[in-house]
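Each chain, letter by letter, is given below.
2 protein chains.
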Amino acid sequence: MTVTHLTSAARTRRGVLATLLGDRPALIPAGTARGRNYPGNPYPYRASSHFLYFVGLSLPGAALWLDGDDQRLLLPESDPLDALWHAPAVSEELLATTGLRMGNIARLQTLAQGRAVACPPLLSGSDRQRFAALLGRATADLGHREDVDAALLEAIISLRLRHDQAAQGELRRAAQASVCAHQQGMQATRPGLLERDIVATMESVFTREGFSTAYGSIVTTRGEVLHNHEHGGLLASGDLLLADVGAESDTGYASDITRTWPVSGQFSATQREIYTLVLEAQCAAIDRVRPGIRYRDVHMAAARVLTAGLVDLGIFEGAVDGLLERGCHALFMPHGIGHLLGLDVHDMEDLGDRAGYAPGRQRAAQFGLSYLRLDRDLLAGMAVTIEPGFYQVPLLRAKPELVGLDLRALNVTRLSQFADVRGIRIEDDVLVTEAGHEVLTEALVKSPDAVEQLMAKRARASE
Amino acid sequence: MTVTHLTSAARTRRGVLATLLGDRPALIPAGTARGRNYPGNPYPYRASSHFLYFVGLSLPGAALWLDGDDQRLLLPESDPLDALWHAPAVSEELLATTGLRMGNIARLQTLAQGRAVACPPLLSGSDRQRFAALLGRATADLGHREDVDAALLEAIISLRLRHDQAAQGELRRAAQASVCAHQQGMQATRPGLLERDIVATMESVFTREGFSTAYGSIVTTRGEVLHNHEHGGLLASGDLLLADVGAESDTGYASDITRTWPVSGQFSATQREIYTLVLEAQCAAIDRVRPGIRYRDVHMAAARVLTAGLVDLGIFEGAVDGLLERGCHALFMPHGIGHLLGLDVHDMEDLGDRAGYAPGRQRAAQFGLSYLRLDRDLLAGMAVTIEPGFYQVPLLRAKPELVGLDLRALNVTRLSQFADVRGIRIEDDVLVTEAGHEVLTEALVKSPDAVEQLMAKRARASE
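Protein chains in written order, with my numbering: chain S, 17 to 479; chain P, 17 to 479.
Derived from the structure by calculation, the hints contain no laboratory data. Please note that the accuracy of each hint is not assured.
It does not matter which identical chain is meant; a pair holds if it fits inside one copy or across any two.
What the hints assert, rightly or not - SDA-like mimics (lysine to any residue), calculated; alpha carbons at most 25 Å apart, straight line:
| # | residue 1 | residue 2 |
| --- | --- | --- |
| 1 | LYS415 | GLU333 |
| 2 | LYS415 | LEU340 |
| 3 | LYS415 | ALA380 |
| 4 | LYS415 | ASN120 |
Here chain S stands alone, though its shape is the one from the complex:
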């Protein structure tokens, strides 16, 4: 996959978008770099996913103008001294592969001619002000979430929901880099190191391969804090290490993998029991993935396996159906089974639930299900994560009434025997295909035996 494949794919995507929009002009800005502690010291630049999708290149400060066949790449004014300080974002040759006419962004108002211009939500307040000014709009703000054009968003969603061949290739590349990082992470783990030693090992795989992180890496022995970005903890022999680490390609495509492995290289009996249960839940969910299946049913399939397993283990008491209906499993798995994956790790989350929820569907009120990010019927070309988990969250035990959890079915004594399981999550990236599905991250070990064997190899090598 080369970058020019993506500019070629982007051209096709623009053709569809133009048809869907008719005579309504659209503006899709790339976004500008944002200062970290002062304007001249920016965070690593990352273009907007909508821009990446329809242009195929990362161009700070640029914008795509799309008005039927009149499609232009609007570039910011350049300073003749730029070449002294900066390498060009892309070469002239690569720019030419977009097939777009080049224009100056200062001409935006002339292009718009006073017409309403559709624009996706813009992340940065400064960008919203900048483009409002460039369009000569009275309001000093453009692209607020409340102020977006429904027709544009529906058109974007209809395109980005199903990944074309170019996108699928990029998702595979990102998945492969993440697989490699997780393998090295497992093999680098040993008692006495810190969590951040494993972060360094895993993220340096990305840097060496030309990837970045698709989201803040979670590498923690305190897996029960769902988005724990602290990395200072010591790895002790009885701990499980939960690593939710995913690569992003230089073209913007994400991967999202979680594995949980024992610091010592060997699961305890209790860890192995719960791990195996989470894995069974994951396999049951992945098995269901195919076109036409409702994603919420995939979620419920995992929840059922989890609930039944917890009854078998004696942690819950009662009938599976009733427990499931009351959402009791959310004590241990408060989040949804997964989400869309694409140019964003939660793909198109900037559009709110408009992308994740089919028209007419909305979030459930019940705790747990309320965190489900996706409720559509699956279509070939969609990519989703499947990521069940088991966590012992002190807050939910201490204050179940806060979220309406009914814990009467919980066998507290039995659960106390699993105290060495703080948090387990197993997550893979799955592409829906015409025939069913393809697990993009299949190359990464996940059975308890396979994880232990991979970790043992390293231990032997370093003896």
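Place chain P on chain S using the hints.
Leaving out everything else, chain P in the frame of chain S:
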């Protein structure tokens, strides 16, 4: 140095600030996390340097309220479910070491009681809007650069210009981490690798030690592009690798080191000649650093050594004084000799030249000197970088008229013999002391022989 040392230092700093401000209340926000591609996927959080300075802790969304003796840490509304998703930013115990009263940020308008509130520039448009709303201000924007309180800024500058003991300790820690990264970078370099392999080696030192990068790492064989953040280039045997990589401590303090080393492990004769000249210029500049010296004179001392050396090498023809006066050296060193260093790598650059330039002084018009970021008389406790360089910038050769460069003194034939020197920079961090100065980054090799010896050790070890 522990974090509680910093909350203790911050308390002292607040006392001085309150005295300087009199009865004028000030608001110093920490800033909120900023989305990378959507709001829920933020860049790594980094609190504002002003907040870090006066509180000593990183607390997303918080703000310091300072009104004489009434000093409060205003915290954002917390969601009872936060503990499910996130680890607390800091522990209650650590929060208590600030000695601040805790308050709710929603009470800001009540605290202000309609008085004018001084506020430093806020980086994020969303934060500017948020605090304007919290204060009930008619304008939807607070803390724009044009809208800041001069008395507050002068007070902050007078404090932050001279580093107290706590700050000096943190600058030393950051310098030490950077020294270690550069040593490992040199030893990891060999032909056939990519620039990003060295980035991975150097940055993983920071991750392992609990540091982050203070700015986007520059690791490039194309040193002539001054801020080249591309890392895809191949390391070839005759290349020089320029690495401008600095750590930031978890308390926010920066370091900023550049070294330039030969990919092969051995400088060519021409590379060694220019490298030695740049090093001589650096030593001459560092030698001058002491209280009472004007920083621009430090810059000119380096420029003089560089110019004289280029005359000796036959690259320039003519009298040193005249060449220097006409700014001819800016063809090869277009930037200034360095800048303030502290919580920001260009310390307080968010305040524009107000921090870097003493009252009554302003940027020179002449190309080269116009990029000098600091023109103050040095004071004990200031930290500065000293970073002369030599670059062959095609743009400046091709279009000298663009910047008013006079190239008549250039011996083009002689210069063409130095084609294997694209860019060299040597940069250290220097603390001004009562007695003169302390080079914080002294432990890092820089003579050509020492660099070659360090690189040879690795080569031998891997044989």
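Going down the list of hints, with the structure as the test:
In this assembly of identical chains, LYS415 and GLU333 lie within 25 Å of each other by CA distance solely inside one copy; the values are 20 Å within and 81 Å between copies. Proximity of LYS415 to LEU340 under the C-alpha cut-off of 25 Å is restricted to the intra-copy arrangement: shortest distance 20 Å within a copy versus 73 Å between copies. In this assembly of identical chains, LYS415 and ALA380 lie within 25 Å of each other by CA distance solely inside one copy; the values are 21 Å within and 64 Å between copies. Taking CA atoms no more than 25 Å apart as the test, LYS415 paired with ASN120 passes between copies only; the shortest distance there is 23 Å, against 57 Å inside one copy.
The structure is consistent with each of the numbered hints, conforming to all of them.
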